[in-house]
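There are 2 protein chains.
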Amino acid sequence: SGFVHVKNLHLDSMEEDILYHLDLGTKTHSLPAMFGDIKVKSRCQSEAAVPPLHRLSSLVSQSSAGPCQGPTAANAPTGLGLTGTDISFLSFQQHGMGIPSISIMLHELIKLLHHAKCQDVTIICIGTSGGLGIEAGSLVITDTAVDSSFQPRFEQVVLGDVLVWSTELDKDVAEELLACSRETADFPMLISHTMCTYDFYKGQGRLDAALCSFSSEKKLEYLMRAYDAGVRNTEMESMAFAALCGLCGLKGE
Amino acid sequence: SGFVHVKNLHLDSMEEDILYHLDLGTKTHSLPAMFGDIKVKSRCQSEAAVPPLHRLSSLVSQSSAGPCQGPTAANAPTGLGLTGTDISFLSFQQHGMGIPSISIMLHELIKLLHHAKCQDVTIICIGTSGGLGIEAGSLVITDTAVDSSFQPRFEQVVLGDVLVWSTELDKDVAEELLACSRETADFPMLISHTMCTYDFYKGQGRLDAALCSFSSEKKLEYLMRAYDAGVRNTEMESMAFAALCGLCGLKGE
Numbered sequence: 001s002g003f004v005h006v007k008n009l010h011l012d013s014m015e016e017d018i019l020y021h022l023d024l025g026t027k028t029h030s031l032p033a034m035f036g037d038i039k040v041k042s043r044c045q046s047e048a049a050v051p052p053l054h055r056l057s058s059l060v061s062q063s064s065a066g067p068c069q070g071p072t073a074a075n076a077p078t079g080l081g082l083t084g085t086d087i088s089f090l091s092f093q094q095h096g097m098g099i100p101s102i103s104i105m106l107h108e109l110i111k112l113l114h115h116a117k118c119q120d121v122t123i124i125c126i127g128t129s130g131g132l133g134i135e136a137g138s139l140v141i142t143d144t145a146v147d148s149s150f151q152p153r154f155e156q157v158v159l160g161d162v163l164v165w166s167t168e169l170d171k172d173v174a175e176e177l178l179a180c181s182r183e184t185a186d187f188p189m190l191i192s193h194t195m196c197t198y199d200f201y202k203g204q205g206r207l208d209a210a211l212c213s214f215s216s217e218k219k220l221e222y223l224m225r226a227y228d229a230g231v232r233n234t235e236m237e238s239m240a241f242a243a244l245c246g247l248c249g250l251k252g253e
Numbered sequence: 001s002g003f004v005h006v007k008n009l010h011l012d013s014m015e016e017d018i019l020y021h022l023d024l025g026t027k028t029h030s031l032p033a034m035f036g037d038i039k040v041k042s043r044c045q046s047e048a049a050v051p052p053l054h055r056l057s058s059l060v061s062q063s064s065a066g067p068c069q070g071p072t073a074a075n076a077p078t079g080l081g082l083t084g085t086d087i088s089f090l091s092f093q094q095h096g097m098g099i100p101s102i103s104i105m106l107h108e109l110i111k112l113l114h115h116a117k118c119q120d121v122t123i124i125c126i127g128t129s130g131g132l133g134i135e136a137g138s139l140v141i142t143d144t145a146v147d148s149s150f151q152p153r154f155e156q157v158v159l160g161d162v163l164v165w166s167t168e169l170d171k172d173v174a175e176e177l178l179a180c181s182r183e184t185a186d187f188p189m190l191i192s193h194t195m196c197t198y199d200f201y202k203g204q205g206r207l208d209a210a211l212c213s214f215s216s217e218k219k220l221e222y223l224m225r226a227y228d229a230g231v232r233n234t235e236m237e238s239m240a241f242a243a244l245c246g247l248c249g250l251k252g253e
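Sequence order for the protein chains is A and L.
Going letter by letter, the first sequence gives residues 1 to 253 in the working numbering.
Going letter by letter, the second sequence gives residues 1 to 253 in the working numbering.
Warning: the hint list may mix true and false statements.
What the hints assert, rightly or not - Label-pair restraints from in silico Cβ distances: (1) G25/L with L220/A: 33 to 41 Å; (2) G127/L with K117/A: 31 to 39 Å; (3) G36/L with M34/A: 29 to 37 Å; (4) S149/L with F214/A: 26 to 34 Å; (5) H10/L with T128/A: 51 to 59 Å; (6) G137/L with L247/A: 29 to 37 Å.
Derived by calculation from the structure, the hints in this document are not laboratory data.
All C-beta atoms, glycine included, are put in the ideal place defined by N, C-alpha and C.
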């Protein structure tokens, strides 16, 4: 059907679903009217001077400050999208740093898409990351998010029990994004694994935390192991993003 | 000596320490001149109409928007502080949600206090939380942060290895804060354990996530176990806060 999969039977019996951190609710707002048409369907022109990803990124950064502001069919620039592909799009201005923060946003975004009856949605997460053995300024397209042991899993504690979810992202979207890069040559682009950590400093081997008990040699040894496992960049949200998109039937990348 | 303990030998050999997320650096800014005097030493008057914590909280929320804005001796309102205690104070406007986000702020704050040669610093973390079997509007003073298995520990992955740190907070500061409440009677105040989770929704037993596979009964059973273990509120940062304060010789509460 293309609708977002919300897998929570409790929601059906709730009188109102309040999206706390978005300041929205099913009784106070008409979510289908507000957000049901948030869809950008257009094709990127191969002769476009600006690479599609630059436009996408630019659109995200230009969207206005509200938590759910994004391009609609009415205000989307002509030509936004991926070559040969229709893309549905909803931008969030910020989700904060780290898995706990993006998880809150994603749970509420997914419920918003569900309540708004959006269909065929692709979510693209764009952000900075630390490169690993690649040229500075490269764009890494994540095929799989891995944890700090380089495993493709997201562990979450639910009522004291550890649940484990897959963190593979949509291969087709990754390939389409890479294909876009072939039309342009102004920055390197690659598909690889992305390592996701809970800590910016010691979790990613930085030596300049307030506390650091490991040597520069141990740091390099660890990062070499990550590289050998296929990791080309590190950041702090991709595991939760990949897991939640996969579980809810969203194309995520 | 009262100085902040930064336990990282690498820092001494670095030409410059850049506090990335605070937009500050040891070469670009004179940190002792800018922040060395950030200290509020005053005593709370027992006859004060406004409870000390209200003032403290109010001061945090009123501080201007920069990342390191806080009260100094020059602009601090008379009377701020805890009864019978001198208190050093530095406020941050926001640290975002979750352990990864507060960890970044804490590492950089602790290095800032170190570079600025601040002494005898107490950090008080104020925020909202979900109550557990207590009156709405209560103020919970955390004696120990516990994880989702109700254990007083903070586990962090460093170069692929799991390190475990204690999460007990300063008992004296907790008692002093409680003593303040005895001077006022306009909200309930208690000392207890605080449960810290990585997830706002399922991690804290909420039924309104995008995904939820547990029943209301299982939720209540889990929260009852938390209550029996001494937990009276839940939030998302206290484990990292307690561990880092303890490791760096800061009085944290």
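Each hint tested on the structure:
| no. | hint | result |
| --- | --- | --- |
| 1 | G25/L with L220/A: 33 to 41 Å | 24 Å, violated |
| 2 | G127/L with K117/A: 31 to 39 Å | 35 Å, holds |
| 3 | G36/L with M34/A: 29 to 37 Å | 50 Å, violated |
| 4 | S149/L with F214/A: 26 to 34 Å | 27 Å, holds |
| 5 | H10/L with T128/A: 51 to 59 Å | 23 Å, violated |
| 6 | G137/L with L247/A: 29 to 37 Å | 36 Å, holds |
Consistency note: the structure conflicts with the earlier hints numbered 1, 3 and 5.
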